[in-house]
Each structure stands twice: as C-alpha cells, then as structure tokens.
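Trainee: Sequence:
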Amino acid sequence: MDFSGAVLNGGSSTRMGVDKAEISFKNKRLIDISLEALAGARANEIFIVGGASRVAEDSLNILYCQDMFPGEGPLGGIISALSVAEYDVLVTLPCDHLYVTSQVVEQCLAALTIHEMACPLLEDTKQVLCSAWRKSGLKKLKEIFDSGTRSVMDAVSLLDVVTFQVSNPEILRTANTIDELWQ
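Numbering (the numbering used here), first residue to last: 1 to 183.
A few of these clues could be false.
Quick list of in silico lysine-lysine cross-link-like pairs, DSSO-like style, CA-CA up to 30 Å [what the hints assert, rightly or not]: (1) Lys126 <-> Lys139; (2) Lys142 <-> Lys126; (3) Lys126 <-> Lys140; (4) Lys126 <-> Lys26; (5) Lys126 <-> Lys28.
If you anchor each label on the Cβ, the simulated ranges turn out as follows [said to hold, decoys possible]: (6) Phe164 <-> Gly40: 15 to 21 Å; (7) Gln66 <-> Ser136: 32 to 38 Å; (8) Lys139 <-> Lys28: 35 to 41 Å; (9) Asp160 <-> Lys28: 34 to 40 Å; (10) Ser147 <-> Pro70: 28 to 34 Å; (11) Asn168 <-> Leu60: 27 to 33 Å.
These are computed hints drawn from the structure, not numbers from a lab.
Note that the Cβ used here is the ideal one computed from N, Cα and C, for glycine as well.
Based on the provided sequences and hints, a complete structural model is requested.
Mentor: Right, here's the structure in full:
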C-alpha cells in the first residue's frame with residue numbers, strides 16, 4: 001500500500017528538559033527510531049512535523065512539514081501532516097517511541113481497511129499518535145479542531161476507528177523524562 005509517513009515532533013519537551021528528537025538513545029537520535037520504522041515499512045514519503053527544521057535537514061531523504069498550529073498539541077500536527085501528505089493514507093508516529101518497529105506501522109496499515117483511523121491499544125488505551133489515518137477524514141478533523149477540540153483522544157472518538165493489540169507492548173513505550181529512557 002502506498003502511504004505517507006510523519007513523525008510528530010512539535011512538542012516543547014518541557015518534562016524532558018531538552019529536545020526529545022535529538023536525544024541519543026542506543027547510539028542514535030530518538031527520532032530516528034520512528035523514522036526507521038516508517039522507512040522499514042516502505043513509506044513512499046516521510047516527513048517530520050514541527051519542531052526544529054534542522055532535525056529533518058540532518059536526516060537523509062526526510063522532508064520537513066511546518067506545524068500549522070504550533071503550541072496547539074499533536075492534533076494540529078496530525079492535521080498539518082494530512083494537509084501535505086501526497087498519499088491517501090498517512091501513518092503518524094511520535095518522536096519519542098523507544099522501540100517502535102516497521103511491524104507496528106504495517107499492523108496499522110493492515111487494520112485500516114475501510115476505517116478512518118487505525119491504532120494499537122496499550123492497556124485498553126488507544127495509542128492515537130501511533131496510527132494510520134485516511135486523508136478523507138481531514139475535513140472532519142479540521143471541523144473538530146476548529147470547534148475548539150485539541151485532544152486527539154476526543155477527536156478520534158468522533159471518527160470511525162479500529163484498534164488492534166500488539167504482540168509486545170514494550171514496542172509502544174515512549175519517554176517523557178530522562179529517567180524514563182533507562183527504565
């Protein structure tokens with residue numbers, strides 16, 4: 001399946017204290033884990049949404065997408081990504097996944113079928129930033145955003161969403177603080 005891939009990098013990293021994307025984890029930048037998962041699943045185009053454009057400039061064959069709504073949370077980043085995506089399907093990943101793989105990306109794509117969005121579950125909670133989206137849902141997401149909603153969880157409650165379980169929950173682990181990197 002042809003698809004666009006986007007890594008959401010617009011957060012201020014206040015809990016981390018430094019730019020999450022550029023933290024070194026297991027001899028690579030943290031953002032590279034998500035970029036490699038998208039590349040491994042054969043994304044037709046990959047871009048980084050928000051954050052410093054130099055992060056994309058320091059990455060081979062990675063595009064930069066300006067967050068159209070900086071400071072408004074990841075829903076604005078998802079809308080920004082869908083707005084520039086060349087393909088009808090977009091897979092998003094956050095920049096702070098520690099162990100995400102191309103297998104999760106492929107599972108998102110396989111689950112999407114006729115739905116507007118597909119994402120894994122972790123302890124019965126939708127992992128909405130690690131997800132596949134149909135570009136056809138962009139208009140609805142913009143309307144939800146324009147109505148004042150900023151929560152991705154609230155927005156997806158108004159979409160046709162399918163979820164799936166991953167075989168190893170550790171692959172969905174993220175880090176918000178330096179200590180969480182090494183737990």
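Trainee: State for each hint whether it applies.
Mentor: So, going through the hints one by one against the coordinates:
1. Simply put, Lys126 and Lys139 have alpha-carbon atoms about 22 Å apart, close enough for the 30 Å limit, and the pair holds.
2. Annotation: proposed proximity of Lys142 to Lys126 holds, straight-line Cα distance about 20 Å (limit 30 Å).
3. Pair hint Lys126 plus Lys140 holds up; C-alpha atoms about 19 Å apart against a cutoff of 30 Å.
4. Of the pairs offered as hints, the one joining Lys126 and Lys26 holds, with about 27 Å between alpha carbons and a cut-off of 30 Å not exceeded.
5. Taken as a hint, the Lys126 and Lys28 pair is honoured in the structure, with Cα atoms around 27 Å apart against an allowance of 30 Å.
6. One distance hint, 15 to 21 Å for the beta-carbon pair Phe164 and Gly40, holds here, with the actual separation near 19 Å.
7. Evaluation of the 32 to 38 Å hint for Gln66 and Ser136 yields a failure: the beta carbon distance comes to about 23 Å.
8. As the Cβ distance of Lys139 to Lys28 is approximately 37 Å, the hint placing it in 35 to 41 Å holds.
9. Evaluation of the 34 to 40 Å hint for Asp160 and Lys28 yields a pass: the beta carbon distance comes to about 36 Å.
10. Under the hint 28 to 34 Å, the C-beta atoms of Ser147 and Pro70, about 20 Å apart, miss the expected range.
11. Roughly 28 Å separates the CB atoms of Asn168 and Leu60, a value that falls within the hinted 27 to 33 Å.
Comparing the model with each numbered hint stated earlier shows that hints 7, 10 do not hold.
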